[in-house]
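Enquirer: Based on these hints, arrange chain B on the given structure of chain A.
As they're listed, the protein sequences go chains A and B.
Take any residue in the first sequence, note its place counting from 1, add 1, and you have its number in the numbering used here.
Take any residue in the second sequence, note its place counting from 1, add 1, and you have its number in the numbering used here.
Mixed in with the good hints, there may be bad ones.
If several chains are the same, the list does not tell them apart, and a pair holds so long as it fits within one copy or across any two.
Restricting the straight-line Cα-Cα distance to at most 25 angstroms, the calculated cross-link-like pairs of lysine to aspartate or glutamate (DMTMM-like) are [to be verified]:
{"hint": "1", "residue 1": "K245", "residue 2": "D272"}
{"hint": "2", "residue 1": "K46", "residue 2": "E176"}
{"hint": "3", "residue 1": "K91", "residue 2": "D54"}
{"hint": "4", "residue 1": "K46", "residue 2": "E258"}
{"hint": "5", "residue 1": "K245", "residue 2": "E258"}
{"hint": "6", "residue 1": "K65", "residue 2": "D54"}
{"hint": "7", "residue 1": "K264", "residue 2": "E250"}
{"hint": "8", "residue 1": "K245", "residue 2": "D268"}
{"hint": "9", "residue 1": "K91", "residue 2": "D7"}
{"hint": "10", "residue 1": "K65", "residue 2": "D212"}
{"hint": "11", "residue 1": "K65", "residue 2": "D246"}
{"hint": "12", "residue 1": "K245", "residue 2": "D212"}
{"hint": "13", "residue 1": "K65", "residue 2": "D7"}
{"hint": "14", "residue 1": "K264", "residue 2": "E180"}
{"hint": "15", "residue 1": "K65", "residue 2": "E140"}
{"hint": "16", "residue 1": "K26", "residue 2": "D178"}
{"hint": "17", "residue 1": "K264", "residue 2": "E140"}
No wet-lab data here; the hints were simulated from the structure.
Treat the numbers as computed from the prediction; the structure is a model and nothing was measured.
Protein chains: 2
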Amino acid sequence: MTQIYDRVALVGLGLIASSMFWAIKRGGLVGEVSGYARSPETRRKAREIGLCDRVCETVTEAVKDADLVILCVPVGVMGAVAAEIAPALKAGATVSDVGSVKADVIAQVGHELPSNVHFVPAHPLAGTEHSGPESGFAELFDNRWTLIVPVEGSDPAAISKLRQLWEGMGANVDEMDAEHHDLVLAVTSHAPHLIAYTMVGVADDLRRVTDSEVIKYSAAGFRDFTRIAASDPTMWRDVFLSNKDATLEILGRFTEELFALQKAIRDGDGDHLHSYFTRTRAIRRGIIEAGQDTAAANFGRGGAAPK
Amino acid sequence: MTQIYDRVALVGLGLIASSMFWAIKRGGLVGEVSGYARSPETRRKAREIGLCDRVCETVTEAVKDADLVILCVPVGVMGAVAAEIAPALKAGATVSDVGSVKADVIAQVGHELPSNVHFVPAHPLAGTEHSGPESGFAELFDNRWTLIVPVEGSDPAAISKLRQLWEGMGANVDEMDAEHHDLVLAVTSHAPHLIAYTMVGVADDLRRVTDSEVIKYSAAGFRDFTRIAASDPTMWRDVFLSNKDATLEILGRFTEELFALQKAIRDGDGDHLHSYFTRTRAIRRGIIEAGQDTAAANFGRGGAAPK
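Chain A on its own, in the form it takes in the complex (with noise of 0.2 angstroms):
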């Protein structure tokens, strides 16, 4: 693999650059990679397990001499980091981010940066229920799908390189525009969410359940919304503030239909859920086609193969 970029910054170590750094080092992809992290603990585990060639003390040390700068900071405070590093930007450099909703990010960031930077958003559609700077591994991105979403402006030899990087990173990559992204990842994403977590805490609050029996008799089902529901809950509740109109638009659809089979269950309509659930397993079996998720049951928990 040839070196893409002489220097990367990446701003935040959690997840998703922690994932990145061991990537990148995985395929050569980056002469010096630094790093900065706002919190001392974090900077301190990040320099233990080597994570980053370079851990800044400062934000500023950590983007001056580079030419990528990618934040990987929760969503709702893009704008606020970004405004920190523009004075110390160097021209001609790009910076992109990793957050999982664009429009706000872009009117966040946009008009913070000097002109003569190139601005370039993207979202890694890859990540587990883990955070911080502990949790990265190098093969996240393997197969996974990164988008690219260019703003008016973007230079397209900026966008090509990031787009080069990802690649090397081992990700699949589209380009797609801020709104479309916002609404196709209400759907893929931020809903699901929202409803994991609403059933996980509606099994929490039911008094005459108790939470010893929700846990003991957890694999029927419910284990796969808990392990969504322990995703990152600063990340999360800044997701849902600024998608905001898309997200709730994907819930009033999902409650529409919640709706429609309440009232086939009330109504003892055998037909009309069979049809239903019937429909969904095609989605599942396109999933698995793709590539982006394997048939073995129960994701091979315990390691058994049906025979």
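Expert: Showing chain B alone in chain A's frame:
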């Protein structure tokens, strides 16, 4: 492992029955296991893969000498199957089932059975999104819970023997009354399944986001819903229709909470969202500590462990 029953009959040869057969063989728990499935194709497939010591052409033949008969058919046909086997049952035999709903199954099956057999309902809380005779594997019940739901007059010796069989197949066993069972399962299984089916249906319906986008970008959370929503449609139709009251009660609570969270998003109430999302993490930790799921990120998809 000592042999617990001389002869066991499995009626219905899907995921649960086939896993029971392999678990029984692994433990040497039964002298001979006979099996019956209504579909000739399923019987042929069962013979081909060695599922059951003897696959019978009629249900009467399968059950007539059995000390234990286990109904492994969809909840909606339990009563009809019980009526069919009733005249052929051996005096003193135990009849059990593996249905996901208990009050309705007890109402259907109880009055069909002759007074000289023992009825001991049960429900193993284990499964995968696959179905059919080839989907079973011996480890399905290992460290999962099976709930035994005795009815009035259930013979203590018959209960104790059935408990031994489930423990021999790797399961932990609890006893519970039918009404409480149905409420607990509405929370841990039935409502989550309906919600997952609904979300997948919404995604499939949405004109502005194509199915191919939903499929490609599913790794961001949605694919976990599709796994749940790929479960057997007939089984789940019957579950919702026969556990109507408890399912609708839990869905009602779910909708209330969802509306409260939607309002928090609309109002920009980040504190409410953050504290809600923090609380739900504790249940996840409980499930991992109780050995009901793995802490490996993403269920260890792709085999990568967090560093």
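Enquirer: Indicate which option fits the pair K264, E180 if close means a Cα-Cα distance not exceeding 25 angstroms: within, between, both or neither.
Expert: Intra 34 angstroms, inter 22 angstroms, cutoff 25 angstroms: inter-copy only.
Enquirer: With identical chains treated as interchangeable, where does the CA-CA distance between K65 and E140 reach 25 angstroms or less: within a copy, between copies, both, or neither?
Expert: neither (29 angstroms within a copy, 56 angstroms between copies)
Enquirer: Is it within a copy, between copies, both, or neither that the alpha carbon of K65 lies no farther than 25 angstroms from that of D7?
Expert: within (13 angstroms within a copy, 78 angstroms between copies)
Enquirer: At most 25 angstroms between CA atoms: does that hold for K264 and E250 within a copy, between copies, both, or neither?
Expert: both (22 angstroms within a copy, 13 angstroms between copies)
Enquirer: With identical chains treated as interchangeable, where does the CA-CA distance between K26 and D178 reach 25 angstroms or less: within a copy, between copies, both, or neither?
Expert: Neither way: K26 and D178 sit 30 angstroms apart in one copy and 57 angstroms across, limit 25 angstroms.
Enquirer: Is it within, between, both or neither when you check K65 against D54 at 25 angstroms Cα-Cα?
Expert: Answer is within; shortest intra-copy Cα gap is 15 angstroms, inter-copy 73 angstroms.
Enquirer: Using 25 angstroms as the alpha carbon limit, work out where K91 and D7 are close: within a copy, between copies, both or neither.
Expert: within (13 angstroms within a copy, 80 angstroms between copies)
Enquirer: Is it within, between, both or neither when you check K91 against D54 at 25 angstroms Cα-Cα?
Expert: within (19 angstroms within a copy, 75 angstroms between copies)
Enquirer: Within a copy, between copies, both or neither: which one fits K245 and D272 at a CA-CA cutoff of 25 angstroms?
Expert: between (35 angstroms within a copy, 15 angstroms between copies)
Enquirer: Classify it for me, K46 with E258: is the Cα-Cα distance of at most 25 angstroms met within a copy, between copies, both or neither?
Expert: neither (46 angstroms within a copy, 38 angstroms between copies)
Enquirer: Which holds for K264 with E140 at a C-alpha limit of 25 angstroms: within a copy, between copies, both or neither?
Expert: neither (44 angstroms within a copy, 38 angstroms between copies)
Enquirer: At most 25 angstroms between C-alpha atoms: does K65 with D246 qualify within a copy, between copies, both, or neither?
Expert: This pair counts as neither: shortest intra-copy Cα distance 36 angstroms, inter-copy 63 angstroms.
Hint compliance for this structure: hints 2, 4, 10, 11, 15, 16, 17 are not met, and every other hint is.
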